[in-house]
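Asks: Each chain, letter by letter, is given below.
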Amino acid sequence: MSLPSKAFQRWLHGVAPGVSTSDVCRASGVKRTTLAQQMVRGKVAESSLVRISRALELNPVSALASFDSYADLRGTPVAPTDAELISQIAAMDLLRAVIARNDPGAPQRFELVAVPHETSVRSWVEAIDDGELRHRVSHATGIAPQNFSAHLTANRMPPELAVATAREAGVGPAGGLIASGLVSEEEAGWPIGARRAALDRLGTADLVSLAGDRLQALGKSLHRQEHEKDRTERIWENLG
Amino acid sequence: MTAALPWLTLVVCVALTAVRVPSAIRGQNRTMFFLFALLSVDILLSIREPYLALDAVLGGFNLANLLLRFLLYGSFLLLGVRTAAAFGSSAGMRAIRGPVGMAVLALVAVLTAWIFFSMDTRGSTAGLSGLPQTASLESYAALGRLYPGYVAACLLPGIWQAVRGSGPALLRLASGTLFLGFCLLLLSQGFPLVPESASWLRPAINYSAALASALGLGGIWLSKSLARRRARG
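Top line first, the protein sequences correspond to chains A and B.
First residue of the first sequence: 1, per our numbering; consecutive thereafter.
First residue of the second sequence: 1, per our numbering; consecutive thereafter.
Since the hints were derived computationally from the structure, they do not count as laboratory data.
Each residue gets a CB set at the ideal place from its N, CA and C atoms; glycine is no exception.
Just so you know, not all the hints are guaranteed correct.
[Claimed, not checked] Derived DEER-like restraints, expressed as beta-carbon distance ranges:
hint, chain 1, residue 1, chain 2, residue 2, range
1, B, Ser129, A, Ala144, 47 to 57 Å
2, B, Ala231, A, Gln37, 52 to 62 Å
3, B, Ala231, A, Gly212, 26 to 36 Å
4, A, Gln9, B, Pro22, 49 to 59 Å
Chain A extracted, bound-state conformation:
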């Protein structure tokens, strides 16, 4: 979904009075035509708001929180659970950690790849899912389960759905926004180094099984991609 243009205009006027739309666009890198189109349709994309807030040196999560549909984001940031933190570590970093624990000669303090990684949305949902989560989200928001799954497969999630998913799971509201790449960890108030600390707290046995699960999921997704690529190539080969 998106933000109503009336509310967006009121917000923009409130945070940057007297600044013209074209200046805002130039500073934020949002295309003027894009923003104008979103305003006319009455739906301003959250990603536009985030880029504009960054350009105005405002915290994008607080900016989002000023809209009624994102009221969940108001107040002090809720600390992420360890499972959430670990879900935002890329599979390859988990593998590096496995190697580091089993081989003292391997690099021990490697830099974690920035969020989001290639399966961060699915991993986040799996980390907060008690088994009934998808059912509750679909009930609360009206999204069909197969559409929810499609988002996970495509590694994306509309911001409103991300917040609703966090609400149904009872975790901090911003986790899904981080996992879908809309805002950064720092912007959402995740402590610096929190992912690394959670990784260090994770027992080796859990780490190894988690890395194994991720590797298996990665294999599946690669298989799917290769299959789709073969299919495309065959069409081009014969008819192109």
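Starting from the known structure of chain A, arrange chain B on it as the hints suggest.
Replies: Okay, now just chain B, sitting in the frame of chain A:
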């Protein structure tokens, strides 16, 4: 509108043949070049003026129409085999090139020729529309629609898979257009049900089917060219 549609279809087919000339010279995918050239000839022969010109050479008893039928059967055999291979439809491939498909083609071809020569077809007329509307003529026309319809039916499931898949957007759009064209070919099986007052619907459906199929194939070619160009940087 209905008068411009045949010419538009012809222009599209000729253009799509032309864009394949460079790669055909390089020896890549010559089959598709021949297929498009064949389709262009099919469309050309179904338009009144070129039809009358050729038929006059062939003796003025509508032999050009029979020739057109056989060219169409050939085009659809080629198109069917290629499309089934492209969309990885082994069932479709068997149904077109296997014993059943060949039997259907042979039967349709023999019946078409037999009915044609048993009719009095003197007096050149495009689409045989000027001949007396007899039962023989009806069956002759139905046979001409049957084989393309059969091929289309064999290919639809395979193409639908690609439309629903997650390939490049343009490729899916093009596959969807091809799908639409083949659906129209199936729809054309119901021509006897079209009332006389709406007879313009028949050529409209026929040429829309040809146009959609050609545009779909052209879109597949375009998506490939764009992807190759992007890959080269």
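Asks: Now look at each hint and say whether the structure bears it out.
Replies: Evaluation of the provided hints:
no.	hint	in the structure
1	Ser129(B) / Ala144(A): 47 to 57 Å	holds (51 Å)
2	Ala231(B) / Gln37(A): 52 to 62 Å	violated (31 Å)
3	Ala231(B) / Gly212(A): 26 to 36 Å	holds (34 Å)
4	Gln9(A) / Pro22(B): 49 to 59 Å	holds (53 Å)
When each numbered hint is compared with the structure, a violation occurs for hint 2 only.
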